[in-house]
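When you get a sec, could you build the whole thing from the sequences and use the hints?
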Amino acid sequence: MSRPEVPAVIFIGQPNGGKSTLFNSIAGPKAETSNFPGTSIKHTHSRVNIEGRLLDVIDLPGTYSLCTTDPAEQIVLSHLFAERPDLVVNVVDASTLSRGLELTLELVELGYPMVVALNMMDVAERKGVQIDTAAVERLLGVPVVATIAAHGRGVKELLDRAFAALEKGQNARARRFSDDVEEQVAEVEKSLPAGFPIVSNPRFTAVKLIETAGHACGDFLGEVAPGLKAAVDRVRRTIEERRGAPAYEVISAERHHQAMKLAEETSRVLHGQRLTWDKRVDAVLMHPVLGYVILAAVFLAFFFIIFKVGSPLESLLLGPFNKLKAVLAVRLGDGLVFYLAEGLIQGVGGGVAIVLPYFLPLLFLMAALEDLGYLARAGFLLDAFMHRIGLHGKSVSPFILGFGCNVPAIVATRILESHRDRILTSVLIPFIPCSARTTIILALVAFYLGPLWAMGFYAANILIVAVIGWIISLFLKEPSPGLILEIPSLKAPRIVSILRKTWMQVYAFVKFAWPILIGGSLVLSLLSYFRADRWINDVLAPLVVKGLGLPHELGVTLVFGFLRKELSLIMMLQALGVDYQNLMTVISREQLVVFTVFISFFIPCLSTCAILWKEIGRKWALVSTGLSITVALALSWLVRLVL
Amino acid sequence: MTLLDAPHNTPLRIVDLAGGESVRRRLMAMGFHKDDLVELDGQAILRGPVLVRSCRSDTTVALGRGVAQKVLVEPVHEPS
Chain R
1 MSRPEVPAVI
11 FIGQPNGGKS
21 TLFNSIAGPK
31 AETSNFPGTS
41 IKHTHSRVNI
51 EGRLLDVIDL
61 PGTYSLCTTD
71 PAEQIVLSHL
81 FAERPDLVVN
91 VVDASTLSRG
101 LELTLELVEL
111 GYPMVVALNM
121 MDVAERKGVQ
131 IDTAAVERLL
141 GVPVVATIAA
151 HGRGVKELLD
161 RAFAALEKGQ
171 NARARRFSDD
181 VEEQVAEVEK
191 SLPAGFPIVS
201 NPRFTAVKLI
211 ETAGHACGDF
221 LGEVAPGLKA
231 AVDRVRRTIE
241 ERRGAPAYEV
251 ISAERHHQAM
261 KLAEETSRVL
271 HGQRLTWDKR
281 VDAVLMHPVL
291 GYVILAAVFL
301 AFFFIIFKVG
311 SPLESLLLGP
321 FNKLKAVLAV
331 RLGDGLVFYL
341 AEGLIQGVGG
351 GVAIVLPYFL
361 PLLFLMAALE
371 DLGYLARAGF
381 LLDAFMHRIG
391 LHGKSVSPFI
401 LGFGCNVPAI
411 VATRILESHR
421 DRILTSVLIP
431 FIPCSARTTI
441 ILALVAFYLG
451 PLWAMGFYAA
461 NILIVAVIGW
471 IISLFLKEPS
481 PGLILEIPSL
491 KAPRIVSILR
501 KTWMQVYAFV
511 KFAWPILIGG
521 SLVLSLLSYF
531 RADRWINDVL
541 APLVVKGLGL
551 PHELGVTLVF
561 GFLRKELSLI
571 MMLQALGVDY
581 QNLMTVISRE
591 QLVVFTVFIS
601 FFIPCLSTCA
611 ILWKEIGRKW
621 ALVSTGLSIT
631 VALALSWLVR
641 LVL
Chain G
1 MTLLDAPHNT
11 PLRIVDLAGG
21 ESVRRRLMAM
31 GFHKDDLVEL
41 DGQAILRGPV
51 LVRSCRSDTT
61 VALGRGVAQK
71 VLVEPVHEPS
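From first to last, the protein sequence lines are chains R and G. Note that the first sequence ends on residue 643 in this note's numbering; no numbers are left out. Note that the second sequence ends on residue 80 in this note's numbering; no numbers are left out.
Keep in mind the hints are simulated off the structure, nothing from the lab. For clarity, every value in this text was computed on a predicted model and none was experimentally measured. Fair warning: there could be bad hints in the mix.
If you only want the chain R side, here are some residues facing chain G, beta carbon under 10 Å, derived [what the hints assert, rightly or not]:
(1) GLY111
(2) PRO312
(3) ALA384
As a list, the in silico DSS-like pairs of lysine-lysine whose alpha-carbon atoms are at most 25 Å apart [what the hints assert, rightly or not]:
(4) R:LYS477 with R:LYS127
(5) R:LYS477 with G:LYS70
(6) R:LYS491 with R:LYS279
(7) R:LYS261 with G:LYS34
(8) G:LYS34 with G:LYS70
(9) R:LYS229 with R:LYS190
Glycine included, every Cβ here is placed at the ideal spot set by N, Cα and C.
Here it is as structure tokens:
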């Protein structure tokens with residue numbers, strides 16, 4: 001059966017199974033990739049042309065099961081259940097076959113036409129595991145192809161089998177659970193009222209109704225189909241009474257045992273051929289002492305590279321913008337048009353000068369560390385420290401990202417499965433000095449007071465983040481669910497995959513943050529055109545001059561700096577009417593420190609507020625803003641008293 | 001005993017997964033069930049998490065101490 005429209009093919013698999021690598025080797029070079037940051041962490045739709053046939057291929061984020069409570073993984077469910085794909089490509093990590101098959105069995109229950117890619121066969125072989133692909137195919141009842149996506153092996157065959165499966169449109173048939181469970185599933189199946197939204201087939205729908213947390217559609221189910229809700233409750237109770245374990249556990253265990261049996265029947269472990277080098281490297285990387293030494297070295301190198309690459313690039317990039325501004329100043333005179341043009345140029349320039357020099361290398365290195373498997377190990381090593389501030393190891397990677405830019409860091413908190421952890425991490429991220437603020441710290445503190453001061457400033461900043469985290473976590477009653485984090489086997493990162501990840505993040509950032517940067521910049525230009533800055537400075541004088549002991553002119557820079565944080569330094573110099581070299585003639589060292597402290601902790605930028613609002617809601621965005629105002633005022637005032 | 005008190009580098013059988021539903025669900029989704037064989041591979045400093053390897057599927061998971069103490073295990077004496 002051939003369909004007139006373009007068939008939709010979904011790629012699904014457990015995390016770290018090489019799914020994206022396989023997806024890339026199929027869709028990569030030919031795809032028009034677009035990213036939807038609002039809907040998932042990474043969720044890519046691509047239309048590809050393979051040997052004259054068009055396909056819509058969709059790469060879903062990794063998921064361990066189809067019965068998840070993890071917000072990032074739930075995207076997978078909504079996609080899979082709402083939009084019926086024409087074909088499912090299930091990517092299974094052959095080196096951890098038994099666990100991977102659990103998801104496969106669930107997909108077989110779902111019953112859409114599917115093809116299984118047994119990926120990373122080379123890793124399995126190195127581990128001494130031999131898998132009989134034909135036997136897996138026979139037992140599962142769906143086409144199974146051995147692949148090594150990283151080397152492009154088996155991809156051709158996979159595509160051939162995929163096209164064949166699309167032609168036939170055949171559905172896989174689910175394996176049966178134990179009779180007593182199957183009986184109960186049938187019970188729910190019978191109770192499905194006419195017109196109930198069936199996902200794929202009644203049996204799958206019934207199984208999911210039984211095993212999903214709470215009720216699949218919440219209280220809604222009770223209102224729409226009270227009979228069904230009662231049946232589901234009854235069945236859950238019956239299973240629990242018979243098996244002495246909750247229904248969800250019983251069904252999960254059924255699949256677990258099916259998968260183990262399947263893996264046992266189709267693979268054999270050759271005598272003790274363990275991945276010894278891998279184990280040895282890991283023993284060092286996660287060593288209680290050496291591990292931390294390496295971690296510190298990795299991150300020092302990380303920041304060193306970013307700023308070594310970043311700062312020359314930044315001046316290179318800002319040059320043309322400044323020239324353009326000078327030219328416009330001559331052409332346009334001193335009117336409103338010039339002010340608007342200046343705001344526009346500075347907004348765009350700020351965006352370019354932040355994104356390209358600092359953010360790009362950071363994202364690139366992050367993607368490399370992630371693909372290597374090091375981020376998970378860093379999470380393991382730092383978990384104990386994160387516990388001190390009421391979080392756990394999974395928050396480590398959003399925090400690291402925050403040193404580059406807070407905006408994607410807050411988006412990255414979606415990997416945290418608990419709402420509480422997400423909120424706390426998101427509220428803390430704005431206190432992490434992003435590259436814009438680091439530039440200011442370097443330019444003011446490191447340059448005028450010396451590198452030791454800058455390092456001390458940084459260390460104090462991290463300490464303050466910890467203290468704020470500790471205080472907020474006292475108010476959050478719900479405890480953190482704790483760390484459950486897979487440590488994937490180490491892999492050599494592949495440049496294509498790193499570049500693709502980097503590109504997707506940059507694209508999402510540019511799309512979201514640039515309009516805000518430019519808008520903020522325009523507002524500031526208008527303020528100065530209408531001479532409103534003087535009024536604002538006068539109004540703020542009690543706070544700025546009396547409270548913080550700073551020059552009167554810095555009021556606008558301090559308070560409206562968040563509209564254009566990356567340009568705070570330039571704004572400061574403009575406000576004071578000096579150039580960088582002569583800064584110390586108009587302000588003192590103490591004032592310099594107070595200024596830097598305030599700028600570092602005050603509302604990070606408009607984009608960060610906007611993304612907080614979008615990601616964790618208005619209430620927490622306001623809490624975060626209030627908190628940063630309080631912290632900035634309190635700290636800079638304290639610093640003034642101490643110095 | 002819990003995973004926190006269990007000996008390292010020796011096979012352990014999971015006797016029970018205690019704790020709340022969401023933790024149990026996550027553990028099960030990641031392939032840890034009652035009666036499975038696991039091994040402790042390492043531990044971080046300062047009361048940090050433990051590394052647990054599932055013997056069957058050869059996957060390694062880091063479990064925070066709070067989670068680890070909800071996994072009850074018993075040592076298995078391998079038939080030699």
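Contradicted hints - numbers only: 1, 2, 4
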